[in-house]
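A.B. asks: The listed protein sequences correspond, in order, to chains C and B.
Heads up, the first sequence is in our numbering, so the first residue is 1 and it goes up one at a time.
Heads up, the second sequence is in our numbering, so the first residue is 1 and it goes up one at a time.
Think of the hints as simulated: they come from the structure by calculation, not from any bench.
Hints may be right or wrong, so weigh each one.
Facing chain B, according to a computed beta carbon distance under 8 Å, are these residues of chain C, among others [claimed, not checked]: (1) Met5; (2) Ser19; (3) Pro76; (4) Arg80; (5) Asn216; (6) Pro218; (7) Ile359.
Footprint (simulated), chain B over chain C, 3 or more residues, beta carbon under 8 Å [as the list claims (entries may be wrong)]: (8) 202-211; (9) 241-253.
We put the CB at the ideal spot given by N, CA and C, even for glycine.
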Amino acid sequence: MQFGMALLLIVILCSVAGSLIVQQRSAMEYVTRYGEKQADLILSLGLDHVFSTPWFIAVMILLCLNLTFCSIVRLPKTVRQAKALLHRAGHAAADHSLTDKQHEKLTAFLQQRGFSTRQSGESTVYYKHLFGFYGSFLTHLSFLLLLIVGALVMVTATVTDTTVMPGDTITLEDGTLLTVNAFRIEDETGSLDYTSLLTLTNPNTQRTLSREIRVNEPMNFGPYKVYQQTYGTAGKVLIENLENGAAEEIYLTESCFLTLNGVDGLFYQALYPGYVQEEDGTVTLITSSSYAYHDPVYDVLSVAEGTMTPVLAFPEDEMTLGNVRFTFMEPAAYPGLRIKTIHSELLYALYAVFALMVIGLALCFFAVPTAITVTREGYALHSSKPQTGLMIDIEACLTQEEN
Amino acid sequence: MDILFFAALIVYFAAAVIQLCGIALGKNAWCRIARWALLGGFVLHTAFTAWRGVVAQRIPLANQFEFASGFAWSAALLGLLLHRRLRQEWVLAASIPVAFLVLSYAAFQPMEIKELMPALRSTWFALHIGSATFSYAAFAISGGLGVYYLMQLKKGRAETDVRLLQTDHMIYRLICLGFLLLTVVILSGAIWAEQAWSRWWSWDPKETWALITWILYAIFLHQRIRKKWQGKRMAWFAIIAVICVLFTFAGVNKLLPGLHSYAV
């Protein structure tokens, strides 16, 4: 057990270091924050990523081994102890004497406390919570399973982050179609809440499910769990080919050159949420990445006849370059989705382990196996743990009787 | 209705003063008065909490003020329940000062009622945060009883004295209760984090310090069972471990920002 305690102490030290030293930053940031010497030490010991260092993982593996010995290997001994308690109590001599009145009081007290009885020769054995013997086993086993199943859940899950424009559909690995029908940023109370209305369709089974997702409310569909992760705002432009009348709306998420003939066209650079116009007419662009794009401004270059001209365009502005007309539209907010595939069996196993841990601890602490041998002359208490509380209660009960 | 809060604070303060005087002077009657005062403060505190919950239309545990108030309320409730079980005045020696001190801390936090932020709108909210208040309260009272134990030792009581044996046992039971509830906090938090952020565990400072607290008490419980740590050693441990609990409760929010920063 001392080895296990030592491992737990190491986990504490690692955790303290991992919470006090900022994790997963660049080497330069550590030099700036802590100085060159300390940064060298932090980087060489891996304290910049404590929880994924080989030595921390080694400690966790040792902890698993230790827990294996604490639970599985000790189980036969626990079973023997559980079986032996009643036998031992049945053959034990009393080590506290009782008067007749006290005997009466004690038996009434034990019955009131819910003890079961068993006759063993001259003595009566009062016993309770024999299943509590397995509390420690269940707790250690659940902790071991927690580490193993938890690691399996993390290793087997695949996570993909993607952005999907409202109205667009993407195809997932197994052919499932994911459509973002709509996305909104505010909820009905006016709080910032990012909500996507999704439709998922499995073409093989023809199963379709539509629902809204937001923080705390991911969507489960087959092996997929879809989370509302982030959001963004994209520019939107209507492109019309003046030669054949073809038209298309395009989202602008990154710098791009929009052209038909490869020479004339529009070079999109950035979208700004707003601007401030000074008294002298100069315009200062607002670069804050706030969600609100109240006065959006498109920063573009018009490219025509070999000349590039910087232009600030606003929604509903139009530009004709070559045979193409560009109409700037109101920007559109779009969701960033996290798509996770999980093995549901592992997930249920993990929930079961959680429940097992709570049950194990409850048994450990609140179901202490106890047997009390009571004869006409006296009584003796047997338990796997110190039963100070019960002893004090019995003493109080017997003293009260004497008074 | 904030008057209810300050009235509860004043009554808790009065109860704490009367209780401490009663213990110092050995006047049991004073301790009884303190208990009634605690009950009065608890009623006021409950009324305030209920009113705040009705106005906010949610469980009032969403920020540091509300959590601290819930922590103090849990300490008062645990004290009253322990007294009901044991019928001994000394069991309130820790819960009254804890309720008062934690509620005093709450008084220094921003009190305005705010809309529950989307990240906190979850079915796990009540279980996760509710069990945290009771867990912290159980640990804090065990620490307070640790102080009481050492004071009684200093006054000349022997470690074999029934009252000290009872105190020692009570410290142990409270730590068991707090540990079980802290386990519920951590596990329910992991499930909630997976629902909200897709990750079970992210080594966020609050998570990490909850784990540190959990391991610290786990080490202690092992030592208690295997090495028979009792008495003075147990009392000292209960006091020292409370520092870790308080750091997890308040220190992390102030000093180590992370995913739980909305708890400020």
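A.B. asks: Of the hints stated earlier, which fail here?
C.D. replies: 3, 4, 7, 8, 9
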